[in-house]
Each structure stands twice: as structure tokens, then as C-alpha cells.
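Just so you know, the sequences run in chain order A and B. Okay, so the first sequence: first residue is 1 according to my numbering, each after it adds one. Okay, so the second sequence: first residue is 1 according to my numbering, each after it adds one.
Hints may contain errors.
Computed footprint of chain A on chain B; a stretch qualifies when at least three of its residues, placed anywhere within it, have a C-beta under 8 Å from a C-beta of chain A [what the hints assert, rightly or not]:
#1 70-78
#2 138-149
Which chain A residues face chain B? A few, computed with CB under 8 Å, are given here [as the list claims (entries may be wrong)]:
#3 Val-15
#4 Ala-50
#5 Asp-76
#6 Leu-80
#7 Met-82
#8 Gly-93
Calculated from the structure, these hints are not laboratory results. Being a predicted model, the structure only gives us computed values, none of them experimental. We treat Cβ as the ideally placed atom computed from N, Cα and C, and that holds for glycine.
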Amino acid sequence: MHLSAERRLSVAWVVVVTITLIYLVIDGSVDDSDVMRASTVASVAAIGLALIKVRIVMREFMDVRYAPRILRTVTDALVLTMGVFLFGTYLVGRAIA
Amino acid sequence: MTAVDGLADDAAVGGDDAARRFPGDPDMWIFVVVESLVFTSYFCIYLYARTQHEQAFLAAQSALTMWVGILETILLLTSSWAIARCVQCTRAGSYAAARQFAFVTAGLGAAFFALKIAEWVHLIRDGYSFGSSDFMQHFFFLTGIHAAHLVIGFVALGVLVYELSDPRRRSHKTIETCSTYWHTVDLFWVVIFAMLYVVR
Numbered sequence: 001m002h003l004s005a006e007r008r009l010s011v012a013w014v015v016v017v018t019i020t021l022i023y024l025v026i027d028g029s030v031d032d033s034d035v036m037r038a039s040t041v042a043s044v045a046a047i048g049l050a051l052i053k054v055r056i057v058m059r060e061f062m063d064v065r066y067a068p069r070i071l072r073t074v075t076d077a078l079v080l081t082m083g084v085f086l087f088g089t090y091l092v093g094r095a096i097a
Numbered sequence: 001m002t003a004v005d006g007l008a009d010d011a012a013v014g015g016d017d018a019a020r021r022f023p024g025d026p027d028m029w030i031f032v033v034v035e036s037l038v039f040t041s042y043f044c045i046y047l048y049a050r051t052q053h054e055q056a057f058l059a060a061q062s063a064l065t066m067w068v069g070i071l072e073t074i075l076l077l078t079s080s081w082a083i084a085r086c087v088q089c090t091r092a093g094s095y096a097a098a099r100q101f102a103f104v105t106a107g108l109g110a111a112f113f114a115l116k117i118a119e120w121v122h123l124i125r126d127g128y129s130f131g132s133s134d135f136m137q138h139f140f141f142l143t144g145i146h147a148a149h150l151v152i153g154f155v156a157l158g159v160l161v162y163e164l165s166d167p168r169r170r171s172h173k174t175i176e177t178c179s180t181y182w183h184t185v186d187l188f189w190v191v192i193f194a195m196l197y198v199v200r
């Protein structure tokens, strides 16, 4: 299916806003009324969803999708690097706490 | 090439990399990558600190209101959509529409900034400040440095509108570069929001 550039942007916007609203579900499923509770699953999901949004914004809003291969590769490597360091720091920190 | 955006799309160019070009100035993309790595370094320090003092971070984090963060995020994501539409209209030669989308972007950015200031004021009135806890130190530093980037983003939007206003000055590359900066402000907020409001 080939979407027009305008429609493609709108679809991307709906996707990133929907992902943002998923945070409300995560928030509601972890906490007991007003008491915040630690959750590795919620934290990993929060970081993962943020990185998915970062990639969508880069690809669709920032036109990386239409850019030369080097920019597409560098931005994907950037998101991957962020993921490795963020997940790694959080999980290693939890393990040695 | 697509008629609307003026950039080569996947179906049109296939594997022909030469038919593709950088959106905006390549130097801005170097800035995006370097700034992203700097922010990532800070996020790692924050994440490590909160894993070592989990209960203290959770107690301070409970002062934040999730829906405020959600609303701020949606405002900035929508502003990113608007500036992307501005660039599309510019490439299509619809400069009046492009200017309108630029003003929509600025309005959404201003709404984000106003909400952020209201959030700061509310927290400070409730007794929270930069030095009240480790979490609040990270919160005020990250949201403050992001706000500084946002203010620079308004300057970029001013340059963009200035370019669009006069046919003799309409540089598509400059407009794309300003747009890329604004998206970067959005990108940083997407991760800052997850770190401060959602991570447990």
C-alpha cells in the first residue's frame, strides 16, 4: 500500500500519540492507588516505547526515510546505541543494587 | 520523486542512493547525533542513580502528575507533525500554508512551555526544588536544559518564518535545517518523559 507523504505523516502522528497513551496503561497497572511501585517490566517497556517513538520521529517526521543510506544507517545505529546503554545501565544497576 | 514532498521515496529510487539527499544541512545531523549521545550519557547516570536509591526516587517521583507529562508529550509530538507539514508545503511551493504550519508549531511549543512553567511553579509551591532530593535535582536539570533547547527552537522557528516571508530568501535547505532542530527538541523530550514520569 502506498500512502501519500501527507497521509503518511498523519499516520505516524497517530502511532506516536497512541504509544504515548500506552504509558497511562503502564502507569495504572504498576501502582497501587497513589503509591508508586518499582517495576522492571514497566521501566523496560517505558524505555523501549520511547526508543520506538524516537525512530518513528526520525524516519517519518525528519525525513530520514528518504535520506541517503549513510544517514539511515547512522540514525538506526544511534537508536541502537541508546538502547544498549539505557537498557544496560538500568538492568546492571538493578542487578547490583 | 513524490509530487508532495520533493524527496525521493523508496518506491521511486529503489537502491539508487545517489537520488537521495540529506534533509537540511548535514552539520545539523552531526549536532543531532552528538547531542543525543550527550543526553544518553546523562540518562545513564540518572538510571544508575535511581536503581541504587529506588525508594527515594519513587517517593520524590510521586510528586509528578502523569497526565501533565502525557499532555506535554502530545503537544510536542503534534508540533513535530506541524513542522513536518510546513516542510512538505514549502517543497510543494505552498508558502502561505507553510507559514501557517510554522505558526501552529510555535503555538504548540508555547503551550508546552507554559505548561512546563506551570508544572515547575506547582512543584516549587509544594516545597520541591532543585536541592530537595536527588530525583528533583535530575528533574529540574533535565527539564531545564530541555527548556533551553526549546527556547533556541523558537529562534529557529523565527528564522524559518523569516525565510518563508520573502520570496528572495526562501532557502529550502535552511527551512529543513530549522525543522530538524525542532524535531530534535521533540526527540529529547520523548526520552526525558519516559525517564522522569514512567520509569519505575
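(Q) Please check whether the region 70-78 of chain B has three or more residues whose CB lies within less than 8 Å of a CB on chain A. (A) holds (count 5)
Q: Against chain B, run the beta carbon of Ala-50 of chain A and see if the smallest gap drops under 8 Å.
A: holds (4 Å)
Q | Status of the hint placing Leu-80 of chain A at chain B (closest C-beta pair under 8 Å) | A | violated (11 Å)
**Q.** Given hint Val-15 of chain A near chain B, where the shortest CB pair must fall under 8 Å
**A.** violated (10 Å)
(Q) Cut-off 8 Å, C-beta pairs, minimum 3 residues; does the coverage of the region 138-149 of chain B by chain A stand? (A) violated (count 0)
Q.
Checking hints one by one. Is Asp-76 of chain A an interface residue toward chain B, by the C-beta closer than 8 Å rule?
A. The hint is violated - Asp-76 of chain A has no Cβ within 8 Å of chain B, the shortest such distance being about 12 Å.
Q. Can we keep the Gly-93 of chain A interface hint, with Cβ of chain B closer than 8 Å?
A. holds (3 Å)
Q. Does the nearest C-beta of chain B fall within a distance shorter than 8 Å of the C-beta of Met-82 of chain A?
A. holds (5 Å)
Violation of the numbered hints given earlier is confined to hints 2, 3, 5 and 6; the remaining hints are satisfied by the structure.
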